[in-house]
Amino acid sequence: MRRDSIFYQLFQQFPTCLFDLLTTAPPQAPEYRFESVTVKETAFQLDGVFLPPESVELGTVYFCEVQFQKDDQFYERFFSEIFIYLYRFRQTFTSWQAVVIYPNRQTEQHNTTPYQALLNSSQIHRLYLDELELGAAPSLPGQLNQLTVTRTEDVKEIAQNIIKQAKQYPPPTEQAIISLTITIIAYKFTQLSRQEVEEMLGFTTSELEKSRFYQEVKEEGLQEGERLLILRQLSQRLGELDPGLVTQITALSLDRLEELGLAIFDFQTGQDLQAWLQHD
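The UniProt record's numbering applies: residue 1 is where the sequence shown begins, and numbers increase by one.
It is worth saying that the hints were derived from the structure and are not from the lab. Among these hints, one or two may not hold up.
[Said to hold, decoys possible] Derived lysine to any residue pairs resembling SDA-like cross-links, with alpha carbons at most 25 angstroms apart: (1) Lys70 / Ala117; (2) Lys167 / Arg126; (3) Lys156 / Leu129; (4) Lys156 / Phe68; (5) Lys156 / Ile249; (6) Lys70 / Gln233.
Using the sequences plus the hints, can you model the full thing?
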């Protein structure tokens, strides 16, 4: 999973999270819904479209892109997608805003001269997470945003505070918050073992294994692409895998693959993975 995928999960669960990042928000912010829209004629994909509530006549539509990899033609694509959308759905809104979330300024496209007028306008918001200040008491979704960029020494306190607040929500929402927190921790700090994650968040092993991070491994293990999922997650954690290890993993049974998915946090190096496989 790429880090930008975490944000789209966050937006799916908590659409108001986007407005926590902006200095101003529409009056109906809690009623906005998040969607991914394909412009069929061009096969362009708008990953994040925040639509105003149907109760509001012709409100403001927000376009959002989380850009964690440098792309020297990003703005060409992004603005093309936006204006094609505006052309196709002009009767459904009165105004629009666009938000681009970068990890830092170095990730942004270098040559922006053709689009400088747009970028300087009040309709375009460029956010750099390493410069972001959410205030002393951000909302719970805002704290999840903060967790993605917080300093290592502050992660434990923020994560535990999020988990504590999550218990005040209905069970489905609580589990969604916990799962997102674990996912952020897992991909932000790949060096942590499962035990360290448990200690950081105050979870037992059984509670941790109920999270979406682990359940996705288990559920997709019943599908044809399980081995590819496991290999992808291992590559993200350990780097490129030795071909011999890939062969061994491919030969594992579905049950053993599920066990491997749950053990991913315990691996620090390829040697750890190899030792685990030798006990198969």
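These are the hints, each one checked on the structure:
| no. | hint | in the structure |
| --- | --- | --- |
| 1 | Lys70 / Ala117 | holds (21 angstroms) |
| 2 | Lys167 / Arg126 | violated (33 angstroms) |
| 3 | Lys156 / Leu129 | holds (19 angstroms) |
| 4 | Lys156 / Phe68 | holds (24 angstroms) |
| 5 | Lys156 / Ile249 | violated (33 angstroms) |
| 6 | Lys70 / Gln233 | holds (22 angstroms) |
Comparing the model with each numbered hint stated earlier shows that hints 2 and 5 do not hold.
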